[in-house]
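> Chains H and L, in that order, are what the protein sequence lines are. Everything in the first sequence is counted per this note's numbering, starting at 1 for the first residue and increasing by one. Everything in the second sequence is counted per this note's numbering, starting at 1 for the first residue and increasing by one.
A portion of the hints provided could be inaccurate.
To be verified - In silico DSBU-like cross-links for lysine-lysine, where the CA-CA straight-line distance does not exceed 35 angstroms: (1) L/K145 / L/K122; (2) H/K152 / H/K184; (3) H/K44 / H/K152; (4) L/K122 / H/K184; (5) H/K184 / L/K145.
What the hints contain is simulated information worked out from the structure, not anything from laboratory work.
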Amino acid sequence: MSVLRPTTIDEAVAVLSAQPEAIPIAGGTDLMVHWPHRLELHEKTFVDLSRLTALRGLRWQDGDLVMGALTTYWDVLLDEQIGRRFPLLHRAARQVGAVQIQTRGTWAGNVGNGSPAADGVAVLMAYDAMVELTSVRGVDVVPLRDFYTGYKISHRTPDQLITAIRLPGIPYRTQIFEKVGARKAQAISKIGVAMVEAPGGWVVVANSMAPTIRRCRAVEAVLNSGHPISSPEALHDTILQDVHPIDDLRSTGEYRVRVMARLLYHDLREHIAAFS
Amino acid sequence: MTPPTSDVALGFLLNGSSVSVTCAPEDRLLDLLRGPLRLPGTKEGCGEGECGACTVLLNGLPVNSCLVPSYQADGATVETIEALADERHAALLEGGATQCGACTPGVAMTAEWIRRHPALGKRFPLSELMAGNLCRCTGYDGILKSLEAALTDDEGTA
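With the rest of the complex left out, here is chain L (with noise of 0.2 angstroms):
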C-alpha cells in the first residue's frame, strides 16, 4: 500500500499517451487536467457537478472531472475533447448545437459516448442521456438535434 504523503505520483492513458505526473491529493482530475498536463479544452462551469461542462470520459464512460480526485486517475484510461478528431465534431457544427462554447466540451464528450453506444439511444430518451449537460444558452433543441443526425449518420456508415 502506498504510504500517505502529501504528493501522490500517478501514471494513466490521456488520450492515447502515457503519462505520469506528480499531484497534490487535493488536486481534482480538471485542476491535472487544465494545469500540469496542459489541457485547458475541459472547462470548470460549476464546480459540483451539476452542469457537466467539465465531462470526460474516465474508462470509456462519462464522469463530471471537477468530482474526480486526481488520485482515481491512477491506472486508468482517460479521454477529454482534445482527442475528438475534427469529425467527430462536424455534427455539432453543423446542427448549431454550439451557441456561446462554454458547455460545448462537455457536449461533446457526453454525445461521443452515446455514439460509440448506440444502443443506449434505443434504451433511453437521447434528451435524458444528455441531462448531466447544462446549456446556460438553452441550445438543447440544436444539441439533440444534431446527436440524433450523427447517430442517424453513424448507423448509415457502420
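Pulled out of the complex, with its shape left as it was, chain H reads as follows (with noise of 0.2 angstroms):
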C-alpha cells in the first residue's frame, strides 16, 4: 500500500490523473471499516485528502449553500442556519451514524462512496444537489439526481475529485426524512425516505429501495396529481414502478415496499388533501 498526500486541489487531480486506480480517502468511514480484513485494499494507492484545506467548510453563496468536500456531518450540525433551510441534512446527519461517525464522515464521501443505503445522499437528493466534480480535464457539474447510473456505479470519472456539493436556496414548505433500521440508533436503513415540497412540486427520494439512491418520479405524480389515496396499499403499484428492492441480510422486498408505503401514506396525510 501507498499513500499520496496531496496539499492542494490541482496536486490531487494530478494525481488522480496520473494514477486514476488511486482511492480518494477522507474520513474513512466506509473505506477503514474492517481494515485489518480487507487485505485486497491494503495493495492500493490511496489519495489523503484531509491535507486539502481548501475542500473544509461550508458557505452560502447567492442564497445557496455550497459544501467544500470535506464538510462533515457534524460541521453541519454546528451550523443553525442550514438547520433551518435545509432541516433535512440534520436530520440525515444525526441518524447517519453516531457522533464518532459524524465527526469524521464526509458528504462528499457519502455521495462518492455511492452506497443504495447512504443517509446523507437521499436528503441531498431531494434538495437537488448539484456535485461538482474537477480534474486536469476542468470542472463538470452534475446534478444528484442523475449521478448514478447503476449500484455503486456514477458519472464521476476515476480522474475527477468531488470537490464541492452545492444546494440550491429554493424555499420548501414541507420536509420529511424517515429512516427504519433495526434499531434506532447506529443502524444501517432498511428503508428511508425523504420527501420536501419544492415550488414546482414534490420530490420523492427512496434509500435501500434501489441499487442506488433512487428519485421516485412515479410516485411524485401521484402526489402532485391529488389523485385519491385512501390506504398505504393502494400506492404499492406506484412505488413499484420507482423500485423494485430487494431481498437482502438487513431486510425483504416486500417489507421494503410496505413499509415505504405506510412512511409515505401516514407522513402525508397532514400534507396533501387527496389522501384521507
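Work from the hints to combine the two standalone chains into their complex.
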C-alpha cells in the first residue's frame, strides 16, 4: 500500500489523472471499516484528502449552500442556518451514525461511495444538490439526481475528484426524512425516504429501495396529481414503478415496499388533501 | 507533496507532548497508539466503528481511532484516556458507570468532550451524544447518571 498526500486541489487532480486507480480517502468511515481484514485494499494506492484545506468548510453563496468536499456531518450540525433552511440535512446527520461517525464522515464521501443505503445522499438528492467534479480537464457540475447509473456506479470518472456539493437556495414547505433500521440508533437503513414540497411540486427520494439512491418520479406524479389515496396499499403499484427492492441481509423486498407505502401515507395525510 | 512511500513520517501533539513517529500506511491511529506509542488504554472493540471503545479526541472531537488512518493524525492534536486526570474519572467511578471496563476508556473520552462543551447537552439528549459508546454489560443508566452528575457539578464549579 502507498499513500499520496497532496496539499492542493491541483496536486490532487494531477495524482488522480496519473493514477486513476488510486482511491481518494477523506473521513474513512466506509473505507476503514474492518480495515485489518480488507487485505485487497492494502494493495491499493490511496490519495489522502485530509490536507486539502481548500475543500474544508461550507459557505452561503447567492442564497445557495456550498459545502466543500471535506464538510462533515458534524460541521453541518453546528450550523444553525442549515437547520432552518435545510432541516433534513440535520435530521440525516443525526441518524447516519453516532457522533464519532458524524465528526469524521463527509457528505461528499457519502456521495462518492455511492451506497444505496446512504442517508446523506437521500436528503441531498431531495434538495436537488449539484455535485462539482474537478479534474485536470476542468470542472463538471452534475445534478445528483442523475449522478448514479448503477450499483456503486456514477458519472464520476476515475480522474475526477468531488470538490463541492451545492444546494440551490429554494424555499421548501413540507420537509420529511424517515429512516427505518433494525434499531433506532446506529443502524444502516432498511428503508428510507426523503420528501420535500418544492415550488415545482413534490420531490420523493427512496433509500435502500434500489441499487442506487433513487428519485421516485411515479410517486411524485401521484402526489402532485391530487389523485385520491385512501390506504397505504393503494401506493404499492406506484412505488413498484420506481423501485424494485431486493431481499438481502437487512430486510425483504416485500417488507420494504409495505413500509415505504406506510411512511408515505401516514406522513403525507396531513399535508395532501387527496390522502384520506 | 509527499512522494508515495511504504512508510509515513508523522508528527502530532499527543496528550500535550509532541511526538514524531514513522509508521506503515496500513496502520490505524489505534494501532499506532497501542503499539509504538505504548498507550494501551485505548481499547479495540469491534474494529468497525460501531462500539466506540477506541474513542479518542482528534483535534478536540471524538472519533473512533479504529477508523482513522494513522497518516491523517499528522499535524493533529490527539488526546487519549491516559491524559485524563484522575478527578475527571471520579464521577464515572462514583456513579457506577463501569462494570467490565472494556467500554470505559471510550465512554470517558466522549464524556470528557461533552463536559468541555456543556451547551451540547442542551441541544442534544445525552443518550444521543453517548450513542456511539456501546456497553455490552448494558450499564447505560450508570453511565448517563454519572455524566449528568458530572455536568451538574461542573456547572456548580464553573
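> For every hint, state whether the structure bears it out.
Against the structure, the hints come out as follows:
1. Among the hinted pairs, L/K145 with L/K122 is consistent with the structure: their alpha-carbon atoms are about 16 angstroms apart, no more than 35 angstroms.
2. This hinted pair checks out: H/K152 and H/K184 have alpha carbons roughly 26 angstroms apart, not beyond 35 angstroms.
3. At roughly 18 angstroms between alpha-carbon atoms, H/K44 and H/K152 fall within 35 angstroms of each other, so this suggested pair holds.
4. Distance hint between L/K122 and H/K184 is fulfilled; the C-alpha atoms sit about 21 angstroms from each other, no more than 35 angstroms.
5. Simply put, H/K184 and L/K145 have alpha-carbon atoms about 21 angstroms apart, close enough for the 35 angstroms limit, and the pair holds.
In terms of the numbered hints stated before, the structure departs from none.
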